[in-house]
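Quick note, the sequences are listed as chains A and B, same order. For the first sequence, the numbering used here gives the first residue as 1, with consecutive numbering after it. For the second sequence, the numbering used here gives the first residue as 114, with consecutive numbering after it.
Note that these hints are calculated values from the structure, not bench results. Treat each hint with caution, since some may be false.
What the hints assert, rightly or not - Straight-line distance between alpha carbons at most 30 Å, and here's what the computed DSSO-like set of lysine-lysine pairs gives:
id : chain 1 : residue 1 : chain 2 : residue 2
1  : B       : Lys127    : A       : Lys105
2  : B       : Lys170    : B       : Lys124
3  : B       : Lys127    : A       : Lys52
4  : A       : Lys112    : A       : Lys68
What follows is the residue order along each chain.
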Amino acid sequence: GNSVTQMEGPVTLSEEAFLTINCTYTATGYPSLFWYVQYPGEGLQLLLKATKADDKGSNKGFEATYRKETTSFHLEKGSVQVSDSAVYFCALRQGGSQGNLIFGKGTKLSVKP
Amino acid sequence: DTGVSQDPRHKITKRGQNVTFRCDPISEHNRLYWYRQTLGQGPEFLTYFQNEAQLEKSRLLSDRFSAERPKGSFSTLEIQRTEQGDSAMYLCASSLGTVHPYGYTFGSGTRLTVV
Numbered sequence: 001g002n003s004v005t006q007m008e009g010p011v012t013l014s015e016e017a018f019l020t021i022n023c024t025y026t027a028t029g030y031p032s033l034f035w036y037v038q039y040p041g042e043g044l045q046l047l048l049k050a051t052k053a054d055d056k057g058s059n060k061g062f063e064a065t066y067r068k069e070t071t072s073f074h075l076e077k078g079s080v081q082v083s084d085s086a087v088y089f090c091a092l093r094q095g096g097s098q099g100n101l102i103f104g105k106g107t108k109l110s111v112k113p
Numbered sequence: 114d115t116g117v118s119q120d121p122r123h124k125i126t127k128r129g130q131n132v133t134f135r136c137d138p139i140s141e142h143n144r145l146y147w148y149r150q151t152l153g154q155g156p157e158f159l160t161y162f163q164n165e166a167q168l169e170k171s172r173l174l175s176d177r178f179s180a181e182r183p184k185g186s187f188s189t190l191e192i193q194r195t196e197q198g199d200s201a202m203y204l205c206a207s208s209l210g211t212v213h214p215y216g217y218t219f220g221s222g223t224r225l226t227v228v
């Protein structure tokens with residue numbers, strides 16, 4: 001079945017450090033891929049998405065590239081800020097009309113000043 | 114438009130009691146989804162509606178769970194005879210069908226604790 005695997009947390013970084021959160025997926029066909037972020041006490045927010053191979057999603061300095069050959073969608077940011085502290089979820093949406101998402105377990109990021 | 118609203122934010126109930134949660138989606142969104150998130154896990158799909166029709170139910174949705182979306186507007190999720198394993202965050206999301214198939218908006222969730 002379809003699944004998403006992302007690196008275990010928590011991840012602790014100093015401000016301005018480089019961030020990578022790994023995400024790999026298993027799916028049939030050509031799923032769409034997403035990163036969601038959940039700030040403390042808030043709901044999930046879409047951070048970025050990519051809908052086909054080699055697409056790069058980007059938002060707020062975060063980037064992820066849809067790599068079909070390695071079935072990966074790693075999240076990166078060149079210089080993290082304290083305000084980036086949150087839980088990050090990788091997710092896929094299988095093609096078709098259902099629209100439901102399959103999420104990874106989440107990676108908690110803490111950025112220290 | 115204030116986004117997706119869920120009520121209550123927190124619910125503590127005794128095992129065996131029934132509970133009902135409400136979700137108010139973004140008004141023009143025709144699709145509504147329910148997810149469950151347990152501690153340390155990502156959200157898991159439970160069910161979804163297109164307008165008032167419930168089109169998909171996960172195997173996670175046991176017979177004790179029922180969801181409705183009368184008139185295609187707000188939705189309710191009821192859990193009967195709650196068990197401790199039902200303790201989780203219940204998330205609602207809405208989207209505008211196939212026009213924006215990727216644009217989910219999530220609510221802040223209802224945290225259920227069964228004691």
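Hints, one by one, checked against the model:
1. B:Lys127 - A:Lys105: holds (28 Å)
2. B:Lys170 - B:Lys124: It holds: about 24 Å lies between the C-alpha atoms, which stays within 30 Å.
3. B:Lys127 - A:Lys52: violated (47 Å)
4. A:Lys112 - A:Lys68: violated (34 Å)
Consistency with the previously given hints fails for numbers 3 and 4, ordered from lowest to highest.
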